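Engineer: The opening residue of the sequence shown carries number 1 in my numbering; numbering runs sequentially from there.
Calculated directly from the structure, the hints in this document are not laboratory data.
It should be emphasised that the depicted structure is a prediction, and the values quoted were computed from it without experimental measurement.
There could be a bad hint or two in this list.
Cross-link-like lysine-lysine pairs, in silico, PhoX-like; alpha carbons within 25 Å at most [what the hints assert, rightly or not]: (1) 265 <-> 222; (2) 15 <-> 222; (3) 272 <-> 220; (4) 92 <-> 142; (5) 265 <-> 15.
Listed next, with one range per pair, are the computed distances between beta-carbon atoms [stated by the list, open to error]: (6) 68 <-> 242: 46 to 54 Å; (7) 177 <-> 112: 42 to 50 Å; (8) 34 <-> 5: 22 to 30 Å; (9) 104 <-> 234: 34 to 42 Å; (10) 249 <-> 100: 39 to 47 Å; (11) 88 <-> 125: 46 to 54 Å; (12) 304 <-> 88: 40 to 48 Å.
Beta carbons are placed, not taken as given, at the ideal position from N, Cα and C, and that holds for glycine.
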Amino acid sequence: MKQSLKIWLEAARPKTLPLALVSILTGSVLAYSAGHFSLTIAIMAFVTATLLQILSNLANDYGDAVQGTDNDNRLGPQRAMQSGAVTAAQMKMAIIFNIVLTAIAGLILVFYALSSFESIITFIGLGILAIIAAIAYTMGSKPYGYVGLGDLSVFIFFGLLGVSGTYFLHTGHVDATLFLPALGCGLLAVAVLNINNMRDIENDSECGKRTMAVRLGQRKAKQYHFILLGGALLAFAAYLLIQDKPVWISLPFLLSIYVVANHGKAVWDTEKPAQIAPMMPVVVKCSLVTNVLFATIVVAQTLMS
């Protein structure tokens, strides 16, 4: 029983779960700064986002195993199906079970947070799209992750929709200024995916998985990574600076610049994909540090008002 639980916990990839939560955190904090915040909505959004991330991870495990991308040449940790610990039938059942849980959590959230028919229908539609996107990344006859569209999907769902959607659930409206923090969240999420793809660039190329890193090549993928990191920092910093608040409140954000810059240099200095593998937990920490610092500063700015 314990061994089985351990296998499924590893298949859920708990280390990736914070990525699903930062956009919810950012959207909720921005709603708080606008004077509209519900702890219940925030918690339900966290639960729904977590289930969506787990669904994506399970579908990715299944899809890459079936496609043959998860093989002995892959540099990352062994996946559940790749190792033989979970059969294809078991993984399918887990995916279906997770879809049901995600749908239930999402519907409860939508009906609790929203009242207008138009808003409810819109968010149900977005929820269906999110579930499809989580599955179709590596599953199906034409998985979009195999043609380099994973970055765009991550940017949209972990950035633009994650932040603005959460904000709307709290407030009932969206604001143009949300674009900057949503941009920051999205770019950092793509940076995490890019590290994953740079690590697997050789094996993915051999297996026909044309990720953005494969399309760009190792050197240009590094340059792309710098653009993602720099763009995220600029977006967050720009939002903080355009607020009518004392600049000194935003000074702690310099810590995230230091952390991200160190990571960027380490990535640039790598020469082989194998050297990229240890960067995965680092880029996740960079995303967490940056988003948490941003959220903390926004709360501080709000309390100073």
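Engineer: Each of the hints needs a verdict: does it hold here or not?
Structural biologist: Status of the hints after comparison with the structure:
| no. | hint | result |
| --- | --- | --- |
| 1 | 265 <-> 222 | holds, 10 Å |
| 2 | 15 <-> 222 | holds, 23 Å |
| 3 | 272 <-> 220 | holds, 14 Å |
| 4 | 92 <-> 142 | holds, 18 Å |
| 5 | 265 <-> 15 | holds, 23 Å |
| 6 | 68 <-> 242: 46 to 54 Å | holds, 49 Å |
| 7 | 177 <-> 112: 42 to 50 Å | violated, 26 Å |
| 8 | 34 <-> 5: 22 to 30 Å | violated, 41 Å |
| 9 | 104 <-> 234: 34 to 42 Å | holds, 39 Å |
| 10 | 249 <-> 100: 39 to 47 Å | holds, 44 Å |
| 11 | 88 <-> 125: 46 to 54 Å | violated, 30 Å |
| 12 | 304 <-> 88: 40 to 48 Å | violated, 55 Å |
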